[in-house]
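Engineer: Numbering (the numbering used here), first residue to last: 36 to 354.
Simulated from the structure, these hints should not be mistaken for laboratory data. All C-beta atoms, glycine included, are put in the ideal place defined by N, C-alpha and C. Among the hints, erroneous ones may be present.
Unchecked claim - Pairs of lysine to any residue, SDA-like flavour, derived with a Cα cap of 25 Å:
1. Lys344 <-> Pro104
2. Lys37 <-> Leu57
3. Lys344 <-> Asp59
4. Lys55 <-> His68
5. Lys37 <-> Pro82
6. Lys115 <-> Tyr69
7. Lys182 <-> Glu221
8. Lys262 <-> Thr150
9. Lys107 <-> Asp345
10. Lys347 <-> Asp60
11. Lys229 <-> Glu217
12. Lys115 <-> Thr318
13. Lys157 <-> Thr173
14. Lys81 <-> Ala342
15. Lys229 <-> His288
16. Lys289 <-> Asp259
17. Lys347 <-> Pro82
18. Lys37 <-> Trp343
Claimed, not checked - Just the calculated beta-carbon pair ranges, DEER-fashion:
19. Glu326 <-> Lys157: 21 to 31 Å
20. His161 <-> Val349: 43 to 53 Å
21. Tyr69 <-> Ala97: 15 to 25 Å
22. Asp84 <-> Asn163: 38 to 48 Å
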Amino acid sequence: MKIAVLDDYHGVASTYADWKTLGDDAQVTTFPHYLPEGPERDVALKPFDVIIAMRERTPFPASQIAALPNLKLLVTTGLKNNSIDVPACTARGITVCGSAGSAEANLATTELAWTLLLALFKNLPHENESMRRGQWQTRMPVPVYGKRLGVVGLGRLGAAMARVGLAFGMDVVAWSANLTDEKAAEVGVKRVDKHELFATSDAISLHLVLSDRSRHVVDAAAIDAMKPTAFLVNTSRAGLVDDDALMRALTAHKIGGAGLDVFEREPLPEDDPIRQLDNVVLTPHLGYVSESNFRAFYQNALAAVQAWKDGKPVNVLSK
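Between the sequences and the hints, there should be enough to build the whole structure, so can you do that?
Structural biologist: Below is the structure:
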């Protein structure tokens, strides 16, 4: 049984789970770098019976599935993966399973959202570089106290984001398509409509699940409504934002800046123009990354492979 572990950027898959328990017939190969779409990926993955995918890093549309004649089991870290064509796998007789992460992993995304937001308010990337050049106090920091925080999506992560904002003394408002006044009040914030949130907030943080309904929920009209000093933070999914509209606003300095942990193409290409902007803080999709989460991912992925090998697959994904 040949097993491929994809997108092991940190080189931890081989130590966070004891793959030897699968027996001597299991050959595990880890891929520490992203495999670009195309013939190179097809050739690299063709020999494998089992593939373990890290979230949505490497997509598996029907065309990719068709190029992997030996594939019998596809395990994704996490309990859902929108980049896998599950019906195409089912049609081929390929089992698709999920593997859960650690309980605290989701809240780590909120921590990163606040890291990005505070970095923007305090000009940290710029001041860090200035200090290394021998300069001193080159930009004016902005306090968060008394500012308005707009939270788009008030689920578990959005609510955690809102509570920290309240602790900082911010005026916190929230919006999502299904949010009610009662739900907002439970968190201690005010529900407003979408336009008011984008037009009046000093900082906006996105905490929605990407779906057909929520794709580009932050459209050109929403971005155009933002204050020229306002910041946008996205640690959820890149598809929530109209990327072209955001780039236009950032390039023209029509908004204060953005903190981004998610991108339409990941890993972000080296020549992507957003890397050149001076009003963004960029992180490489770190929201879900932690030792405890990755240990849980890989150990549960190992358990999924063992269960499938025993003829009793677990956490089978139907769509």
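Engineer: Compare the structure with each hint and give your call.
Structural biologist: Status of the hints after comparison with the structure:
no., hint, result
1, Lys344 <-> Pro104, "holds (18 Å)"
2, Lys37 <-> Leu57, "holds (11 Å)"
3, Lys344 <-> Asp59, "holds (13 Å)"
4, Lys55 <-> His68, "holds (23 Å)"
5, Lys37 <-> Pro82, "holds (7 Å)"
6, Lys115 <-> Tyr69, "holds (20 Å)"
7, Lys182 <-> Glu221, "holds (21 Å)"
8, Lys262 <-> Thr150, "holds (21 Å)"
9, Lys107 <-> Asp345, "holds (14 Å)"
10, Lys347 <-> Asp60, "holds (19 Å)"
11, Lys229 <-> Glu217, "holds (17 Å)"
12, Lys115 <-> Thr318, "holds (23 Å)"
13, Lys157 <-> Thr173, "holds (11 Å)"
14, Lys81 <-> Ala342, "holds (23 Å)"
15, Lys229 <-> His288, "holds (22 Å)"
16, Lys289 <-> Asp259, "holds (8 Å)"
17, Lys347 <-> Pro82, "holds (24 Å)"
18, Lys37 <-> Trp343, "holds (14 Å)"
19, Glu326 <-> Lys157: 21 to 31 Å, "holds (27 Å)"
20, His161 <-> Val349: 43 to 53 Å, "holds (48 Å)"
21, Tyr69 <-> Ala97: 15 to 25 Å, "holds (21 Å)"
22, Asp84 <-> Asn163: 38 to 48 Å, "holds (47 Å)"
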